[in-house]
Amino acid sequence: MHELSIAMSIVELAEEEAERRGVQVEAVHLRLGALSGVVKDALLSCYEMACEGTPLQGSRLVVEDVPVVIFCTSCRAQRPLSSVQLFCCPECGTPAFEIVQGKELEVVALEVQECAPNPA
Amino acid sequence: MRPEPRLIEVRRNVLKQNDVAARALRDRFHAAGVFVVSLVSSPGSGKTAFLEKTLTLLRPKYRVAALVGDLATENDAVRLARSQAPVKQITTGTLCHLEAAMVQKALDEEKWNLNQLDFLFIENVGNLVCPASYDLGEDLRLVLISVTEGEDKPLKYPTIFNSADVAVVTKIDLAAAVEFNWEAGRQNIQAVRPGMQIFKLSAKTGEGIEEYLEFLAKRLSELRQPAGV
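Going line by line, the protein sequences match chains D and G. Its first residue numbered 1, the first sequence is counted upward by one per residue in this note's numbering. Its first residue numbered 1, the second sequence is counted upward by one per residue in this note's numbering.
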């Protein structure tokens, strides 16, 4: 279970970005690859915990699942993998050595509100 | 009325810090000419016995050292020390995996002269899930499964098998007793990581270990004498 430490890194990263821009984060958008080694449900529940006591408390984590895409050397084309238990081209069955996509663990965007200016 | 939230683009890799640290380690290892192998497996698959045997057999000919990650105890380091090789324990506490920064810290504490090493082994915490995401700067990630775990382990943990460079099937002295199906085991490994080299061996009897040691020696010489040089 390393999702808590991943969630804490996400919160830290978002906090840093928000502080730099002077905004309040409402949601963090994350791209999560099927081969990232991170379990989405565990990450979502850890996120809430990781936000507690930080400026991100109450924010949401929006996860975009990124499927595995391989490059098939026979078809000379990118193909989505049908299962992570079978690394071969779904069209022609050639073993898949080259992974094009699917390892992502990336914060792509923040949904923000401008911070209200401090009353003078 | 509350204004609509605005979407701002960020694009930052969550594990960047680890990736940067791992890259620095890899550069350091390569500059020193040390070949680094990390070991991942489930708890109880025999990583420590396998590593102890590896260290013992390599030691007459090569300069070897090991870092060993464990949640709480120092038992593994004590066992590995029997090989007479320098061993450093990394106690991870509740953390279920090693990270590049922990390797870096252990090396700094130990002050090993990497230039005087041929092989460095890094035994990860017994876990087939979390270590997959963390690059440790190794040249080779070795995934270990024992025949007693069954043939379907690779299908249950495809991510870590796919991230590994070689697979070692251990405890083959018990294969008959547990009716391990070689063909199914091989097929499952190849399904999640096509083309991955597989070694079958027994750390206990020594059967099959020679081939693995020759492979390591070959990789070390390739590291020090890159092809075409």
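To be clear, the hints were calculated from the coordinates, so they are not data collected in a lab. Honestly, I wouldn't trust all of these hints.
Not close to chain D: a few residues of chain G, all C-beta gaps over 12 Å, as computed [as the list claims (entries may be wrong)]:
#1 Pro5
#2 Glu9
#3 Leu58
#4 Arg59
#5 Tyr62
#6 Arg63
#7 Asn75
#8 Lys111
#9 Gly150
#10 Pro154
#11 Asp173
#12 Asn181
#13 Lys204
#14 Tyr212
#15 Leu220
In silico PhoX-like pairs for lysine-lysine, Cα to Cα no more than 25 Å straight-line [claimed, not checked]:
#16 Lys16(G) - Lys40(D)
#17 Lys111(G) - Lys88(G)
#18 Lys105(G) - Lys88(G)
#19 Lys40(D) - Lys61(G)
#20 Lys156(G) - Lys61(G)
#21 Lys88(G) - Lys61(G)
No residue lacks a Cβ here, since even glycine has one placed at the ideal position from N, Cα and C.
Any hints from earlier that this structure breaks? Give me their numbers in increasing order, please.
Violated: hints 1, 2, 10, 19 and 20.
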